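Novice: Spelled out from the first residue to the last, the chains are:
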Amino acid sequence: EADIYQTPRYLVIGTGKKITLECSQTMGHDKMYWYQQDPGMELHLIHYSYGVNSTEKGDLSSESTVSRIRTEHFPLTLESARPSHTSQYLCASSEFSGALLAFFGQGTRLTVV
Amino acid sequence: LAKTTQPISMDSYEGQEVNITCSHNNIATNDYITWYQQFPSQGPRFIIQGYKTKVTNEVASLFIPADRKSSTLSLPRVSLSDTAVYYCLVGDMNGGANNLFFGTGTRLTVIP
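Which chain is which? The protein sequence lines are A and B, in order. Our numbering applies: residue 1 is where the first sequence begins, and numbers increase by one. Our numbering applies: residue 1 is where the second sequence begins, and numbers increase by one.
Do not rely on the hints blindly, as some may be mistaken.
Stated by the list, open to error - Ranges of calculated distance between the beta carbons of each label pair, as one might list FRET restraints:
hint: 1; chain 1: B; residue 1: Asn98; chain 2: A; residue 2: Val113; range: 32 to 42 Å
hint: 2; chain 1: A; residue 1: Thr20; chain 2: B; residue 2: Pro40; range: 37 to 47 Å
hint: 3; chain 1: B; residue 1: Ser41; chain 2: A; residue 2: Gly14; range: 15 to 25 Å
hint: 4; chain 1: A; residue 1: Glu22; chain 2: B; residue 2: Ser41; range: 15 to 25 Å
hint: 5; chain 1: A; residue 1: Glu56; chain 2: B; residue 2: Tyr51; range: 25 to 35 Å
Rather than coming from a laboratory, the hints here were simulated on the basis of the structure. Treat the numbers as computed from the prediction; the structure is a model and nothing was measured. All C-beta atoms in this analysis are idealised placements derived from N, C-alpha and C, irrespective of residue type, glycine included.
Looking at chain A on its own, in the form it has when it is part of the complex (with noise of 0.2 Å):
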């Protein structure tokens, strides 16, 4: 099993408020990642990190932001979520030279009210 969490696992919240979603891995794993997936759809890469004070935008533009200041956390934070934040969020990381050999966590499910 791979040792990459993610909570919460469900939340529901109301428009306006400010949300963290915590990613925690203990692997050591360099990389590490925030997918965004709709029910049924693709995932899209909206952020990702190298390592500590590493951070860099995906793919998916996102309103979120991310900080990596330790090498076993990776959190995103939403600082005013609206409606259309409502989605699955998916973390994941990786070695170093390990790119294509990624570890997910269960995901967060954000509805936003």
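Assemble chain B onto chain A, guided by the hints.
Specialist: Relative to chain A, chain B alone:
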């Protein structure tokens, strides 16, 4: 980044062998071929990876012809629990985040 093409969906009866083919005509010398499985409401899970010829593990086999322009994921004797989306990824192991591009995948439905 090599573009991949795979069928949108497939149906199979329980107990049959399922073969899902992925085309990657522009595969580069350093690229590996990796397959993932995703169940509803879960993150993708690594199944198998190969560079050439045949790779087999406890879950699946991966067949890669000599020209490496395609690959076939083979699932022996599928069960209902194999119903999932299967993704073919091609890229350099030392590549950037865009190597983890999942595309639309192949939605496999196993029928009783």
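Novice: Compare the structure with each hint and give your call.
Specialist: Evaluation of the provided hints:
no., hint, verdict
1, B/Asn98 to A/Val113: 32 to 42 Å, "holds (34 Å)"
2, A/Thr20 to B/Pro40: 37 to 47 Å, "violated (25 Å)"
3, B/Ser41 to A/Gly14: 15 to 25 Å, "holds (23 Å)"
4, A/Glu22 to B/Ser41: 15 to 25 Å, "holds (18 Å)"
5, A/Glu56 to B/Tyr51: 25 to 35 Å, "holds (28 Å)"
Violated hint: 2 only; the structure is consistent with all others.
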